[in-house]
Amino acid sequence: MLSVKYFGAVAEKTNIQGENIPFANLSLQELVDELEQKYDLASLSYSIAVNQKMVQDKNSYMLMTNDVVALLPPFAGG
Amino acid sequence: MRYNRQIILSEVGEKGQEKLTQAKVLIIGAGGLGAAILPYLAAAGIGEIGIIDNDAIEITNLQRQVIYKSEAIGKSKALEAKAMAESLNPTIQINAIADTLNAKNAIELFEYYDIMVDATDNLPTKYLINDACQLTNKPFVYGSIYKFQGQVSVFNYQNGPTYRCLFPDESSNSKNCVDAGVMGISVGIIGMFQANEVLKMILGIGNVLSGELLIYNMLTNDQQKFELVKSNTTPFSRLDFEKKYDVAENTTLEITASEALEQIENKEVTFLDVRNATELPKISLPNQLQIPLADLEMNLEKLDSNKTILIYCQSGIRSKAAVELLKKYAFQKVQSIAGGALKLEEAIANNAISI
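Residue numbers (UniProt numbering), protein chains in the order written: chain A, 1 to 78; chain B, 1 to 355.
No wet-lab data here; the hints were simulated from the structure. Being a predicted model, the structure only gives us computed values, none of them experimental. You may find that some hints are simply not true.
Calculated cross-link-like contacts (lysine to any residue; reagent style SDA-like; alpha-carbon spacing at most 20 angstroms) [unchecked claim]:
1. 53/A with 160/B
2. 24/B with 47/B
3. 53/A with 232/B
Covered stretches of chain A, as calculated for chain B (at least 3 residues, CB under 8 angstroms) [as the list claims (entries may be wrong)]:
4. 2-11
5. 57-66
Heads up, the beta-carbon is just placed ideally off N, CA and C, and yes, glycines get one too.
From just these sequences and the hints, can you work out the full model?
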């Protein structure tokens with residue numbers, strides 16, 4: 001299983017705080033592409049963490065089972 | 001005796017109190033976050049505090065900006081905040097700066113203060129704070145809210161990661177409290193996290209939240225930290241900084257219709273018609289949006305703040321108001337087309353521009 005967590009405006013769009021997804025041999029980029037399509041996230045900007053660490057190169061990051069992926073958009077309120 | 005209860009903490013002591021007295025902290029924004037941060041830093045005895053904000057107090061601010069009194073509606077936030085902090089602690093220096101932070105005043109201010117605290121409500125200003133902190137080599141205490149969630153981090157601390165390492169995509173939009181709504185408690189909690197980082201940094205105690213992003217969820221009390229790393233991108237040089245920000249700020253607020261029309265092929269330019277949809281003459285330009293002035297504030301997310309926005313109305317009066325409004329929301333590249341649609345129509349006819 002992969003676990004995905006959503007924050008801020010991303011969670012608003014997905015309408016859930018997080019979900020489990022059956023594990024598949026995917027790069028982080030491929031998973032993100034799937035989620036973008038599923039939830040229509042293309043208009044949002046966000047950074048991504050895996051297992052609480054920010055990942056910069058999503059293409060070369062191959063997901064492993066039990067990875068926890070977080071989609072983190074910037075907040076602007078104050 | 002004022003500081004006795006904190007001096008008796010071994011982590012603070014007389015020495016720590018002296019460090020607080022010597023410190024100079026700039027709070028950028030006297031809104032919800034600023035209203036939480038300022039009284040605690042003032043009460044703790046930070047020797048000199050600057051507070052910069054150009055807004056006046058509005059009635060809708062009072063549910064979260066709890067340092068302001070109902071009688072103060074219409075008064076300057078910076079000046080009211082200064083008066084509040086001075087009566088809370090008359091032994092320290094408070095500098096009110098009733099201005100907007102911009103590329104021109106940022107460098108001078110940041111060179112003077114030791115720590116910059118971000119209490120702003122928009123992304124462009126956060127990038128400006130980040131870049132100016134990097135240039136002046138000062139730490140940037142970040143705090144921000146989205147509804148019931150808050151983010152906190154300390155950037156550019158001892159050469160640590162910056163805001164751009166976390167959010168490299170400057171073109172992103174995120175709603176502020178005006179658009180998204182917010183509880184007073186939420187800005188209070190996040191402001192406290194920020195004030196805590198300031199005090200820890202000055203006192204040299206605990207672990208500073210550098211290289212980490214803290215996210216706090218007020219509804220679930222869930223608190224998570226994410227590690228970030230410094231990206232390899234080269235930092236801004238002074239020249240880059242001036243190029244990026246000064247150019248935008250030096251542009252005059254008005255442009256002639258024929259100058260504007262020279263930009264119709266430019267993909268980096270958006271034409272914004274702030275008339276009502278029924279007004280004539282009808283002008284259709286590529287890259288054009290139509291949002292009546294009255295609806296503009298509610299539709300800011302339709303605009304890309306990275307693009308130059310050329311605004312017109314019928315004769316050039318409403319478009320000036322629109323420029324002022326967008327400037328208030330930290331849009332940097334906005335100009336009003338002098339003479340409005342009437343002049344545009346004339347210029348189109350004269351230049352025989354095919355659109």
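Hints and how they fare:
The straight-line distance between the Cα atoms of residue 53/A and residue 160/B is roughly 15 angstroms, inside the 20 angstroms bound, and the hint therefore holds. For the given pair, residue 24/B sits about 6 angstroms from residue 47/B by alpha-carbon distance, which is consistent with the 20 angstroms threshold. For the proposed pair residue 53/A and residue 232/B, the alpha carbon gap of about 17 angstroms is at most 20 angstroms, so the pair holds. Coverage of a stretch by a chain is defined here by at least three residues with a beta carbon nearer than 8 angstroms to that chain's beta carbons; for the segment 2-11 of chain A and chain B the count is 3, and the condition holds.
Check result for the segment 57-66 of chain A against chain B: violated, 0 residues qualifying (beta carbon to beta carbon below 8 angstroms, three or more required).
The structure does not agree with numbered hint 5 stated previously, though it agrees with all others.
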